[in-house]
Structures are given as structure tokens and as C-alpha cells.
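Starting from the given sequences, assemble the full structure and let the hints guide the process.
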Amino acid sequence: MKVLSKLALAAVLATALAGTAAAQGSDGIFPFDYRLVELENGFKAYLIKAGAPNQIAYVSMVRTGSRDEWEPGKSGFAHFFEHMMFRGTDKYPDYDAITAGMGAARNAFTSSDRTVYYLVASNEYLEQIMDLESDRFMNLNYSEPDFRTEAGAVLGEYQQSATTPFGFLNERVRNAAYDVHTYKHTTIGFEADVRAMPEGFDYSLSFHRRYYRPENVVLVLAGDFDLDQAERLIGQYYSGWEPGYVAPEITPEPAHTAPRSLTVRYPGRTLPILSMNYQAPAWNATDRQTVATQVLGRVAFGSNSDTYKKLVVEERRVQYLRAGFGLLRDPGLLSITTMVVDPADVGQVEQEIQTTIERFQADLVDEEIFADTKSNMKYGFLMGLETAQQVAFSMMTYVINTGGIEALEEYYRTLDSVTREDVREAARTHLIENGRTVVTMVQAEGR
Amino acid sequence: MKKLALLPVCLLVLGACEMAPEGTIALPETESPFIAFNIWVNVGSQNDPAGKEGLAALTANLLSDGGTTQDSYDAILQKLYPMAAGYGYNVDKEMTVFVGRIHEDNLEAYYELFRNHLLAPAFDEADFERVKTQTMNYLERTRRYGRDEELSKELLFSLAYEGTPYEHPEEGYVQSVADLTLDDVKQFYAQYYVSNNIVVGIGGGYPAGFVGSVRADFNALPVGEVAPIAKPEPRMPDGIQVLIVEKPTNATPISIGYPIALLRGDPDFYGMMAMSSWFGEHRTSFSHLYQVIRETRGMNYGDYSYIEAYPRGYTTQVPPVNVPRRSQLFEIWIRPISTTAPGNLHDRTLFATRAALRELKAIVDEGMTEETLAATQQYLRNYTINWASTVSRRLGYAIDDDFYGIGGDGFLGSIRPGLAALSLDEVNQSVESYLQYDNMYIVFITRDAEAMKEKLLSGVATPITYSGEKSAEHMAEDELIASFPIPVLEENIRIIGINEVFEGGGD
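So the sequences go chain by chain: A and B.
If you use my numbering, the first sequence corresponds to residues 99 to 545, in order.
If you use my numbering, the second sequence corresponds to residues 71 to 577, in order.
Everything labelled a hint here was simulated from the structure, so no lab data went into it.
One should not assume that every hint holds.
Dumping the calculated DSS-like pairs for lysine-lysine here, alpha-carbon to alpha-carbon at most 25 Å [unchecked claim]:
no., chain 1, residue 1, chain 2, residue 2
1, A, LYS408, B, LYS149
2, A, LYS189, B, LYS540
3, A, LYS408, B, LYS202
4, B, LYS431, B, LYS523
5, A, LYS472, B, LYS540
6, A, LYS407, B, LYS149
7, B, LYS202, A, LYS407
Where chain B lies over chain A, by a calculated footprint (3+ residues, C-beta under 8 Å) [claimed, not checked]:
no., region
8, 405-414
9, 483-494
By construction, the Cβ of each residue, glycine as well, lies at the ideal position given by its N, Cα and C atoms.
Written out as C-alpha cells, the structure reads:
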């Protein structure tokens, strides 16, 4: 068994991309020097030297996702809007052609709390990219016909996964586990809202006006580039962006007062999938019990857990067992998902999971599994720092939840201090009956 | 058996390049803290015996997800966990690879597990049952209900390679896998996992002498005779041949293609690579098909073309490595078209099919232009750098180079000069040699297949409507697309139900 001290990790990371930057300090996990550039309008950029020669990853992180779609009938708009960001501006009407000329790999993605745009390109294009990206964030301009056309692409995207077992289940779990919070809908949105998207042109303009503001967007630029030049360009291209972020009016989900349970029928073929969900705390870098909750998911249901060994490996009663204890900006769900081999065994498997939860509420986690899990979380971070794009993406959680990358250090300091008692307390606090929503998906007919 | 005497490959070498021992491919990157493994076993699904389709994949799966004579599977999971590491496998038609990646801190402990899983498998009955049950669930349910677009591509390949060792999907058929036994797996392992049939690939920041010691470990396997498999001879379709899979779905994926006698490393490859990039670069808006079908008309999520197999394209932006083949298809992938958007059930699907075939005809008839070729050369010059961003991927490409017999700087190193040297004439000669639009396999997965068949046979126009205004010019082009001919005979349209797909050997 190997437990790394923070110092050892820092040393390890310093060699990860040797020749790029010295460690920040012997007590930090993040090995790279970074420079924070903060403009008067609230825009922040983190400049990190990392990765292969001549390449840069230019990643714009918008702290808006499907969480922010609080108006009725507008679910799916954050993602739809992400599509529209590629439709050009007056200055650069053909975004696609310009980025193709650079040979840039560029794309974007949206989830509950975030919309992230990235380009990976040769550093010779840094200024051109800065110009292009700042321009579209500030001055996006698309026509209503283009908007209506793009809505068709979104419907296609919705339909290519809506009828898969997981697309189908995910929609129903969210709908059942939330009453009022916007996490009730998936990122791609309710089907009816997706079909109504062509009529939402004016709303899309308002979406951009409220959320695409300098206070709500953080740039992480990682790669091989000149720091001073990059800082100068950020001032030059982003200073003219008018602040004006308007926070969404999201209704918090109250603590539920009774457990929920339902069975849904999948109109295709699947083994039964059991999805057990509990009301979660919001992401937090400094609260020990919150970080302990993430440890809990791994020690109780990870591939080195007793329950995994029993259900997956030894008794082979489930095809897989997964714990999704990643936390969101607002309180979300702690999910345990498993596919049961014998439909008649679903109730017993649910009881096994419940017994596991009770065990972690009563007893302290095994010391070795606990230590292995902390090591896993740290090496998981380390193993994901090979390319500039990976380094930039590894900052996403911190940027989206807090607006900066400083919370990375706080998070790993907290993880180091988490005790087995904290893990037990997390199980007692969060894996409670009244906060539980169980969704069982079975196939509608056939074998 | 392929030659195993390999030249040392030293892409992106940051330090000294050690001579790689025979039977190895080494990519030293001394300053990297990561070490990547890629063990290439020269066996693929083409080696599956008749009636035992899926055996190569099940064998690799059991090795990867089973115990060893040293450790139970559960103990392996326990040991890997603190390293945040694992290992995996991929079985394609021609090749099986076992891949792993580890931080240098944990190399010793990791390598012991990694080595044992290939050299000392336990062949435990319980592990076999677990892996087989998971595979059966995939074959009976997940493959048919998971991703229609991936299924339509697998069916396209199966049509083109009917009667050849490339015909069956790597994972096999429901019936063939149901009959596989642990003894089948043991025999397959004994026959193909022999030292002279394995190449050891290692890259990254490994210590001096490491590659040689790994090779020595693998040399402990016995030597064996491995009979070569004849190169598959795909069937060129005679006219348009259509397969419609009946399934209750709200959107229809379309796969179109035919065999081309062109492989990576051939002189015409770069010309066709430029053509296919312009016509349909994978999951980018650079793709002309994407511009026509998605960007301008909003019909679906994307539209692309290929000159090499690209399995699981929906999961990745960059080309897969270690799926090299001795025969390839030209392939068009049209992502699912809504059958519940306003309009007749199948009109949008057939409109998109017609749009793709019409664009194909245009490039066959007219070729690329100076302008489109220059734009493509400019685009790919930097874009292809992204294909090799990690040591694992560079190692994967190096192994594929050996498969194709590409020396020198390898395929990755050849892309820039290969494309830069292209003249328009050369490209268009390649287009003329390899592209055509008369003979084509087309696969649809849709509800009410009979109605689609009737509509196809009727030849009637299949126009679409828009929620917004379009220009007169646009609508005039739409009229041409809507009636673009798909000349298909009734005997060349086959319909099967979703729950028959890849059930037995006869699909």
C-alpha cells in the first residue's frame, strides 16, 4: 500500500512536465506556475505553461449550463446556445472556415453547470484565436433562419441517444428525483422543449445577454506560449467586454420528506437497471464532510469495495456496479447504478446495497481501502495531466464551482485531512431514507 | 506470420534512442512520467473458427478481465486501485492489442500485474462465466438497443464482406458466443498467444533495459505455428443494395459504402485522404457533407466519410489506432435523421440519402478544385497533430505502421509531406480510380421498413420542409436533391427485424 504525501506528489508532478515550470510551493499539489490575469470587467484568465512544444489549449469555461434554464419551456437552451456560438459574428462571419484554416481541433460541450469551448492549435495562432474567441463571446450575431436550422441539428442530437437505455433512464431519474430545481431536466432538455426550440430566437438573444458576460466566463490557456504576450493580448481583446451578468432565478430543491420509488418500462430490450439516488450536498472544496462524501462513493461501491467484489465478481448477480458521487454546483444526487442479471433478483440487490449503506453508517471504513482510495483520487488526477488540453480540462471542476482554480489546492488539502469518521458521518448525513429516489427500469416486453 | 525483425522507431524522442530488441516497438520519451504498453498479438476476429465467431474477442476479454495464476481477479482490482490504473484490450479483424498506462512511480507493481494477465492467465471458470454473461448481454440487448448508428455501420461491413473472415462483427453472433466454452478459449490462447506471434510495444519514460526485459518475459511463451489467413475479397455491390432493419425508433441512421482497394501506405492514399477529409472529415464542420446536410439544412447532428475503418466513431474525435486492415471500405456515415420531425415518416431520411449520393456524384464527376485542395492541405497540416497527442496514441500508430509496412518517419510523420506534395491532377486521378456512385450498399434502421421499401421502389420525390425561410436558390437545390435517383431493384432490398440482427451466422 502506498500513501503519497503532498510533498511527494508535488515532486512527482514537477517531473510530469519537466522543463515547463517549477512547482508553486512544496505544499501544493499543482506543479505548474500559473499566472492569473484579472480585468476590471471581472474577466479572469489562468495562464499555465504545460504540455508539448508549440501546442496550446484555449479553453473558455462558461459557468452556465442546463442548471441556469429556469424559465418554463426553455430546457435545453444552454446546449442549443452552445451550437449557436459557432454561427459567426459580423467581423468573422465564418467561424468554421477560420478555425479550419488553423487546423485547430475545436469543439464545445454542455452539462448541468457548464458550457465549455475549446481549441487545440499551434501557438502561432494565439493572437488570432484570442481575437476570434473574444469576438464571438462579445459580439455573436446570427440570423433567425440560421437559428431555426440549427434547432433541427439539436433534435437529431436528442434523438440519437434518447432511446438508448441510459438516455431513457437518465431523463426519468432526474424527473423523479427533483421537484423544483432545474436539475430536473437533462442537459439536452425535455423533448417538447427541444421541438419548440425554433420559436425561441428572442429568448436565445436574452440568454446570451445575461450569461455570456465577463464575470461568468473564465479562460484557461494551457500550453507552450509566451506569458507576457498572452497577458497583453487578454487585456487588448477582452477589456472591452461589458459586464452585466444576471444570475438565474433557480429554486432550491427542499429536503425531501419521504422516499420515492418507481418502475419505468423501457421500450426495447435491457436487463433491469436499478438506480438508487440520494440528495447530495453541493460541491465544496473546504468542507471535510462534503469531500468525504466523494470518498464514500468509492470505498462503498468502487471496484475495490466489498460490495463490488460480492455482487460483480463472486456472485455475478449484476453486470456492473457504479457510484456517481461527483458533486454539482447546487445540491444534486449521489447515484448508485447497477444492472441486474436476473430480473427476479432486483429486490435482493437493492437490499444488498441498502445493507452496504447501513454498514458504512455504523462502522468505520477499512483502513487499507480508505488509504488506497485517497491514493486513487490523487493518482487519478496525476494520470490525467499528459497534454495541454488535459491540464486545462483538469481545472474545470474548480473553475465552474468557484470561478477560479485556487480551489484545487484547497480541495486536495481537505482530502488529505478527511478521516474515516468523516466518511461514516457523510453516510449518516446523506444516505438517508427520506432523501432517496429509487428508479428501476425494466423492459416493456420480450426476453 | 508477419516479420518480427523491426527497426527501432523513435518518434518524438526527447532523450537517447535505445536500439529496440527484435519483436519490440519502443518509443522512448525519457522525460515523460508515464509509461504506455501496447502488446500486439497477431490474431483477430478473422481467426475465429466457423461457428465460433467471437472467440478471439472473448479470449482477450477473459485475459483482460480475469484472474491469473498469481492473483484472483478481485485481488488484481484491489492492487490496481491505489495506482488509479487498469488495462484493456481491443480486438479487430486482424489484430488484438492489450494496452496499459502507468505512472513511473508504480511501474514495477503495475508491470507484474500487466505481464501476468497475458502470460499466466488462470482461465477460471467463474471468470469465464462472468465475462461470457456480459458479452451475451451486449449481443442480445446492448448492440441492438444501444447505438443504432454504430449498428448500421457494423451491418454495412458485414454486407460488404459476406462470405469472408471479415464478415462477422468482432464480438461474434448471439448463437456462436452462446456455444463457446472455456476449453475453446484455452485452445485459442494456446494456438495464437505464442511468443513468435506477439510484438511488445512500450513507450514513454521507462528505465534503460526495460524493453529488453519485457521481451525476455514474453519469450517464455512457447513458439508455435500460426497459419496465415488469406486476404479477404469483399463483394462489390452490383447496383444499389439496401438493407433495412425494422426497429421502433424515432430517428434513422444511414450507412453507405462499398469496398475500395486502397490501404494506408499506398501511393494514392494521400490523395484519397485529402478527398475524404474535404468531403467528410470525421466529426468536424470542415466536412462538406456536414455543411450540406447539417449546417445548411439542420437535418441531423453530423455527416462524414471514411477511407479506413473507424469503429466507435461516436465516442471519439480522433481516429482509432490498432484497427488496421488488409481491405477497406469507402464509407459515408449519416447520423440519425428524425422520422418524427414534420413531414412524411421516411422523406427526410431519403432526402438525406439523396443529398449524400448527389454530393458523391458531384465529386466523382467534377473532382476537387485547386481551392478545396489547398484548404484541405492547410487544414490537415496542423489538425493531424491532434491525432498523436499522447504516448499511448503514438505507440498505437507505430504498431499500425509495422502492420502496413510503413517505415521512415511512419504514417504520422508522412502526412505533412505526403499532403504537401499532392497536385490537383494526382488527387483527381485517385478520385477517378477509387470513387464511384453506381454500386453501393446502403443500410437504414427505421420503423415501418415496408413503407420505406415501397417509397424507395416508387422513385417518388421526398421533399422536406423547414421551420424557417430558405432562399429561392436553396429551395431550387432542394428540389433537385428530393428527386435525385436511387435506382434500386426490389430483389436488392432486404428487410430484417432488430432482434434478428447478428443472431446467427446467416445475417
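message = Please list, smallest to largest, the hint numbers that this structure does not respect.
response = 5
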